[in-house]
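> One-letter residues, chain by chain:
4 protein chains.
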Amino acid sequence: MRAGRLLSVGRFAVLDTPEPEPEPGEVLVRVAHAGICGTDRHLLKGEFPCRPPVTLGHEFSGEVVALGEGVSSHAIGDRVACDPNIACGGCAACLMGRVNLCERLVAVGVGRDGGFGELCAFPAHRALHLPAGLSLRDAALAEPLACCLHAIDIAAIQPGERVLVLGGGVIGLLCVQLARLAGGEVMLATRSPHRRRIAEDLGAETVADAAEARAAWPKGADCVLECAGVAETAREAPRLAARGGRAVILGVMPAGETVSWEPFDWLFREVSLRTAFLNPFTQGRALALLASGAVRAGPLVTREIGLDELPAVLSEVPGPSEVKVLVTA
Amino acid sequence: MRAGRLLSVGRFAVLDTPEPEPEPGEVLVRVAHAGICGTDRHLLKGEFPCRPPVTLGHEFSGEVVALGEGVSSHAIGDRVACDPNIACGGCAACLMGRVNLCERLVAVGVGRDGGFGELCAFPAHRALHLPAGLSLRDAALAEPLACCLHAIDIAAIQPGERVLVLGGGVIGLLCVQLARLAGGEVMLATRSPHRRRIAEDLGAETVADAAEARAAWPKGADCVLECAGVAETAREAPRLAARGGRAVILGVMPAGETVSWEPFDWLFREVSLRTAFLNPFTQGRALALLASGAVRAGPLVTREIGLDELPAVLSEVPGPSEVKVLVTA
Amino acid sequence: MRAGRLLSVGRFAVLDTPEPEPEPGEVLVRVAHAGICGTDRHLLKGEFPCRPPVTLGHEFSGEVVALGEGVSSHAIGDRVACDPNIACGGCAACLMGRVNLCERLVAVGVGRDGGFGELCAFPAHRALHLPAGLSLRDAALAEPLACCLHAIDIAAIQPGERVLVLGGGVIGLLCVQLARLAGGEVMLATRSPHRRRIAEDLGAETVADAAEARAAWPKGADCVLECAGVAETAREAPRLAARGGRAVILGVMPAGETVSWEPFDWLFREVSLRTAFLNPFTQGRALALLASGAVRAGPLVTREIGLDELPAVLSEVPGPSEVKVLVTA
Amino acid sequence: MRAGRLLSVGRFAVLDTPEPEPEPGEVLVRVAHAGICGTDRHLLKGEFPCRPPVTLGHEFSGEVVALGEGVSSHAIGDRVACDPNIACGGCAACLMGRVNLCERLVAVGVGRDGGFGELCAFPAHRALHLPAGLSLRDAALAEPLACCLHAIDIAAIQPGERVLVLGGGVIGLLCVQLARLAGGEVMLATRSPHRRRIAEDLGAETVADAAEARAAWPKGADCVLECAGVAETAREAPRLAARGGRAVILGVMPAGETVSWEPFDWLFREVSLRTAFLNPFTQGRALALLASGAVRAGPLVTREIGLDELPAVLSEVPGPSEVKVLVTA
Ligand SMILES: NC(=O)c1ccc[n+]([C@@H]2O[C@H](COP(=O)([O-])OP(=O)(O)OC[C@H]3O[C@@H](n4cnc5c(N)ncnc54)[C@H](OP(=O)(O)O)[C@@H]3O)[C@@H](O)[C@H]2O)c1
Ligand SMILES: NC(=O)c1ccc[n+]([C@@H]2O[C@H](COP(=O)([O-])OP(=O)(O)OC[C@H]3O[C@@H](n4cnc5c(N)ncnc54)[C@H](OP(=O)(O)O)[C@@H]3O)[C@@H](O)[C@H]2O)c1
Ligand SMILES: NC(=O)c1ccc[n+]([C@@H]2O[C@H](COP(=O)([O-])OP(=O)(O)OC[C@H]3O[C@@H](n4cnc5c(N)ncnc54)[C@H](OP(=O)(O)O)[C@@H]3O)[C@@H](O)[C@H]2O)c1
Ligand SMILES: NC(=O)c1ccc[n+]([C@@H]2O[C@H](COP(=O)([O-])OP(=O)(O)OC[C@H]3O[C@@H](n4cnc5c(N)ncnc54)[C@H](OP(=O)(O)O)[C@@H]3O)[C@@H](O)[C@H]2O)c1
Ligand SMILES: [Zn+2]
Ligand SMILES: [Zn+2]
Ligand SMILES: [Zn+2]
Ligand SMILES: [Zn+2]
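First to last, the sequence lines map onto chains A, B, C and D. Residue 282 in the UniProt record's numbering is what sits at position 282 of the first sequence, and the numbering runs on without skipping anything. Residue 118 in the UniProt record's numbering is what sits at position 118 of the second sequence, and the numbering runs on without skipping anything. Residue 154 in the UniProt record's numbering is what sits at position 154 of the third sequence, and the numbering runs on without skipping anything. Residue 131 in the UniProt record's numbering is what sits at position 131 of the fourth sequence, and the numbering runs on without skipping anything.
Treat the hints with caution; some may be incorrect.
Unchecked claim - In silico DMTMM-like links for lysine to aspartate or glutamate, alpha-carbon gap of 20 angstroms or less:
1) Lys219/A / Asp201/A
2) Lys219/B / Glu205/A
3) Lys219/A / Glu316/B
4) Lys219/D / Asp153/D
5) Lys219/D / Glu103/C
6) Lys45/B / Glu316/B
7) Lys219/C / Glu103/D
Stated by the list, open to error - The following label-pair restraints were derived from C-beta to C-beta distances:
8) Glu69/D / Arg303/A: 54 to 60 angstroms
9) Gly256/B / Ser8/A: 44 to 50 angstroms
10) Gly306/A / Ile76/D: 35 to 41 angstroms
11) Val9/A / Ile76/D: 56 to 62 angstroms
To be verified - Partner residues are not named here, just some residues of chain A that face chain D (Cβ under 7 angstroms, in silico):
12) Ala13
13) Val14
14) Ile76
15) Gly90
16) Gly97
17) His125
18) Gln158
19) Phe268
20) Gly284
Hints were generated in silico from the structure; no laboratory data involved. Glycine included, each C-beta is placed from N, C-alpha and C at the ideal position.
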């Protein structure tokens with residue numbers, strides 16, 4: 001079968017590979033749609049640990065075409081979305097229920113072959129059934145949405161609170177929707193006019209940057225969601241929080257890079273800074289929200305490509321009007 | 001009466017002042033014991049906002065000797081401890097129940113005359129009755145303990161968790177006791193051998209600094225309580241937290257001073273950093289804990305002085321074996 | 001001035017009374033709109049403790065016309081809504097921040113003269129300023145909304161959860177709106193076709209009763225909000241909760257009346273039952289939600305009457321198409 | 001090998017059975033100590049669903065003697081304690097992280113062969129490694145302790161709170177220890193003088209029943225832990241809670257049996273009633289608490305028997321001085 005594989009740092013190609021076979025407890029899935037994520041680009045550049053050669057793609061949906069030994073939870077033809085993060089169940093973190101912090105975490109599409117291929121095999125319990133009415137296309141957004149849902153849980157937004165989202169990529173625009181859904185009055189700071197329009201269609205106010213956000217909400221936001229992963233937004237996030245407010249960081253900054261923050265300011269205004277990593281126990285809820293229409297994937301999918309276009313798209317910097325690109329079978 | 005007053009930045013003296021009279025809703029208290037706090041030294045140096053001339057002293061206990069108009073909650077002779085923080089009740093923060101963030105907060109002993117005098121008048125509802133069996137001397141520790149209790153609430157320690165306390169002053173040693181009481185396995189990092197001994201008597205393990213703490217607990221602490229208020233411990237606090245752990249800052253660093261932190265490290269280990277400011281709704285609980293003996297004030301009171309010694313003591317740097325100094329009537 | 005006063009149990013009349021004068025710390029308010037609440041009927045029948053003679057009315061808005069001594073937070077002409085519950089600030093509950101459980105709670109319109117009169121005096125900090133753009137009429141709904149907001153805080157609804165509201169009175173219809181705002185998928189059970197229509201306009205699905213709710217959601221609701229205050233809905237509430245779900249009771253059943261519940265069922269499904277009483281620290285948020293339009297008072301106000309009609313309206317049973325009746329100046 | 005097996009409702013015998021072999025992903029454990037639990041007696045009487053024939057015993061420790069295919073987390077000779085509850089990982093509850101509510105939960109010693117035999121095979125990730133210094137004997141108490149820890153998490157005890165435990169069996173005496181560890185002031189109500197003594201040695205006050213508890217604490221307990229599983233204690237639990245307090249039910253009452261409670265009383269005092277079922281994500285913490293000595297198993301093990309004595313012991317009613325009986329290899 002054809003698969004888009006990372007061969008070594010800097011080398012990504014679509015080539016023929018043997019078809020995977022499901023191990024005991026696994027399902028074999030024919031991939032329908034697979035999203036390209038910033039992490040894929042980080043993997044290509046070697047900025048994120050992984051052991052090539054490996055088929056990338058960790059945000060995908062598809063149909064079950066074969067069952068490994070002992071799988072009774074699924075049937076051929078089932079429509080599923082992959083939750084790529086496989087926790088071991090037995091390490092200290094897993095035993096505490098902190099599965100996203102599993103010491104032996106393996107991610108489909110990072111630590112083992114993923115969804116940028118025609119077929120992908122992975123544990124049945126990570127193949128979540130699509131709720132009735134959810135398209136395979138929208139289901140490809142479930143993984144990033146689940147990460148945002150985890151952040152929203154940590155943010156603990158109360159109806160009526162002011163929520164400021166920094167960064168208008170997929171993560172930012174999903175957070176905009178979730179914060180609205182949680183009853184927040186939402187503002188997005190993004191440099192891209194195109195993304196501003198999408199956010200406004202989704203019910204948010206928009207500003208160009210932190211300075212404009214400060215002008216619009218001089219008392220700050222009850223909750224700031226950092227979704228850009230750059231030093232500037234990270235530094236601003238707690239400063240833009242209101243007295244008693246909180247900032248949640250989702251954006252991934254480079255390892256080792258530091259940010260200067262002022263503890264006095266945080267203490268006297270009793271601001272907290274939290275972080276949200278991956279999608280523990282949120283993937284099923286993400287699928288339900290996409291199925292009900294409470295969160296909309298449609299406006300975020302700005303382009304669909306074939307597998308053969310993937311190497312070129314992965315190597316280029318996404319344009320300012322690009323949000324989520326799907327590889328469609 | 002005699003009172004220790006801040007006359008202007010840098011000038012503190014004990015002198016004769018008119019006796020205060022209780023306004024409607026206030027009680028007049030004959031001060032028994034009043035603790036000296038780092039904040040008093042900050043006020044003296046002008047590092048903390050206040051409007052001199054004013055009688056300092058915000059940690060004190062005493063006996064009610066007169067009642068303002070309309071006070072029915074207290075009687076002459078009642079033994080009370082002062083909760084110095086008077087929230088307005090009507091600002092945005094107060095309306096949300098975040099009284100420690102009150103926009104019009106006035107503190108007895110900072111914004112109005114406090115407990116370094118023979119008598120002090122303040123609102124009756126801030127004069128908390130001493131539980132049976134609690135000495136006026138121990139009750140003078142209720143205010144700092146209440147601040148620590150607020151931090152422990154925010155820390156949300158579960159029985160069996162590892163708790164690392166940075167800084168062995170009064171705040172650190174009270175946090176040691178509270179973290180033990182909450183079921184934590186507690187380690188204190190302090191440079192002072194004298195303070196190590198106190199902490200060990202209180203049931204904690206001790207180390208000299210962050211490096212030793214890291215060696216002792218290589219996986220980090222579930223909760224780190226920063227109680228020193230210096231850049232080094234602030235920087236270390238989240239780094240010393242275990243995967244999924246949290247750091248709580250109580251220490252007050254100078255306004256404007258920054259600390260360099262690494263967001264990547266926080267995100268991938270899902271560490272959060274919280275702050276705890278003042279004593280909202282915790283002063284009554286603090287008194288109860290002192291009364292039951294669950295928290296011990298005794299080992300922390302290293303010296304008692306008369307009012308006349310106060311100017312000298314305030315102006316000197318406390319020695320390494322000093323913890324809490326009380327001004328005793 | 002004219003005022004609607006409870007003279008003794010069973011006797012309510014509109015008559016001339018002396019104009020109140022604001023005590024120190026109080027404001028005098030010219031009442032604009034005052035809502036009639038089920039509690040007013042309970043007071044009339046003697047089913048709820050109160051010390052007549054007293055002017056009833058605890059849900060009201062108006063304009064400040066005079067200031068008591070020492071009031072600097074308000075000015076003549078300010079538009080305000082009354083938070084009727086005055087906590088003492090000094091009892092054990094108040095010291096813990098549980099102000100709704102204050103041991104000396106006094107409610108305007110219950111324990112002291114309220115808003116069914118031309119003028120009403122009460123503490124300035126209980127006179128909340130109306131946000132810009134909020135009408136005095138809508139502001140009269142702030143008190144019941146604040147009670148519902150407290151319940152929603154306790155319910156801790158996550159986006160996407162199923163929420164079932166039992167009872168379609170004012171409380172039920174406000175809870176419908178708040179649960180929707182919190183991201184819930186909401187169903188209201190009400191016997192009244194008129195109330196069903198209002199709820200549907202507000203975005204909820206509707207059913208006639210618990211049996212229909214069970215048929216519609218066989219796995220139950222993540223959260224059930226009991227807003228009727230009768231034994232049948234109380235009994236059903238935890239049974240209608242899904243595995244791991246929770247029921248929150250707002251409805252006030254008669255003192256002494258019991259309900260039979262099955263602990264085994266709760267335990268094996270890990271269902272909890274919580275209660276929500278009054279409006280601690282939520283009145284300001286309620287006003288903000290009304291002002292932003294996030295919660296709509298309009299569809300719930302089914303009738304406006306003059307003060308003189310009040311005795312008749314209070315003594316009759318409200319019809320099935322009645323939701324909130326306002327007394328308008 | 002010899003094993004104590006439930007053959008059908010009412011029939012339990014120790015007999016020879018084939019030695020189990022570990023499936024892929026499983027470990028084979030030589031059982032060292034296995035606790036007898038009230039549930040075992042319920043299973044014998046048919047009061048709890050299970051499919052005989054099956055080897056009972058769900059609270060046990062032992063040594064790994066063989067590894068199924070693909071097990072790399074364990075080695076021969078490892079000392080482990082079994083967490084008997086195997087969640088499927090893929091059902092709606094598991095996907096939400098509510099593993100104790102798994103729709104396909106299978107318990108070792110209930111739904112499949114357990115620890116009342118010489119050997120037992122079960123999934124490696126349910127074989128938790130014993131921390132250094134923990135004896136196999138004490139480790140046999142980890143499962144009930146983990147259930148209590150879950151309840152204590154739900155109870156959310158703050159240092160200094162009053163905690164009342166109803167019922168002095170193993171669950172009650174473990175809750176006593178955990179509530180003390182969480183900083184609570186603890187009282188146990190038990191009819192047995194023998195159990196009173198144990199509780200007093202563990203640092204609790206004791207009373208004979210609810211009436212005495214009410215007399216001792218007229219304002220009630222901040223938290224009541226119901227650990228008896230009978231109607232009387234269930235009915236009393238929320239009544240014995242203080243204003244704003246909470247009751248947590250751990251005791252298992254018979255299915256279908258109801259209790260009469262008064263909603264008005266709960267609402268006006270804002271009392272909540274929660275339930276705690278099984279041991280989700282708490283077994284590892286339970287082992288750590290036993291290892292550190294923070295919780296003591298010793299005083300609770302009142303008798304050790306051989307496998308051959310098991311049928312007789314299981315069929316008799318435990319005496320008033322019996323707490324936990326272990327079957328020791
Ligand atoms: N925590 C988690 O579990 C998790 C999961 C998935 C992704 N992530 C991280 O979340 C972040 C966002 O992901 P994404 O997929 O949305 O990425 P994306 O589509 O590349 O969006 C990133 C956004 O960051 C903003 N940005 C980039 N550089 C900036 C700069 N110098 N100044 C200001 N803003 C800048 C841009 O916003 P504007 O163009 O709108 O200004 C851009 O749209 C990434 O760091 C990603 O690694 C985290
Ligand atoms: N958040 C609140 O509500 C609240 C309330 C009260 C006080 N505070 C703050 O909490 C902090 C502690 O108060 P305190 O009364 O305990 O003060 P303290 O008695 O002066 O103790 C401060 C401790 O910080 C440590 N420390 C000081 N300089 C250090 C350095 N350069 N490196 C490492 N450690 C250093 C010292 O610990 P060792 O000698 O043990 O090494 C010292 O004992 C202060 O910043 C105070 O302003 C906050
Ligand atoms: N917890 C608090 O802080 C708080 C605050 C305010 C009010 N309350 C209480 O909340 C409850 C609702 O208040 P409200 O102002 O909305 O009262 P309401 O307008 O009288 O509405 C009560 C609703 O309960 C339902 N109901 C009454 N009898 C019923 C029966 N036998 N079977 C089924 N449903 C029945 C009716 O719903 P349908 O006609 O739609 O079927 C009715 O609309 C009252 O008990 C009130 O005292 C509590
Ligand atoms: N929720 C969970 O996850 C979980 C886990 C394990 C067990 N459980 C349940 O927890 C309960 C306690 O378990 P256990 O192992 O401790 O049982 P146990 O050793 O049999 O103790 C039960 C205690 O309940 C008290 N009791 C029994 N009948 C009573 C009555 N009529 N009136 C007053 N008290 C009575 C007795 O206390 P005194 O003799 O001291 O008065 C007895 O010691 C059981 O229902 C069990 O099924 C629940
Ligand atoms: Zn793991
Ligand atoms: Zn205020
Ligand atoms: Zn009070
Ligand atoms: Zn499951």
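> If any of the earlier hints don't hold here, list their numbers in rising order.
Numbers 1, 2, 3, 4, 8, 10, 11, 12, 13, 14, 18, 19 - these are the hints that the structure violates, sorted from lowest upward.
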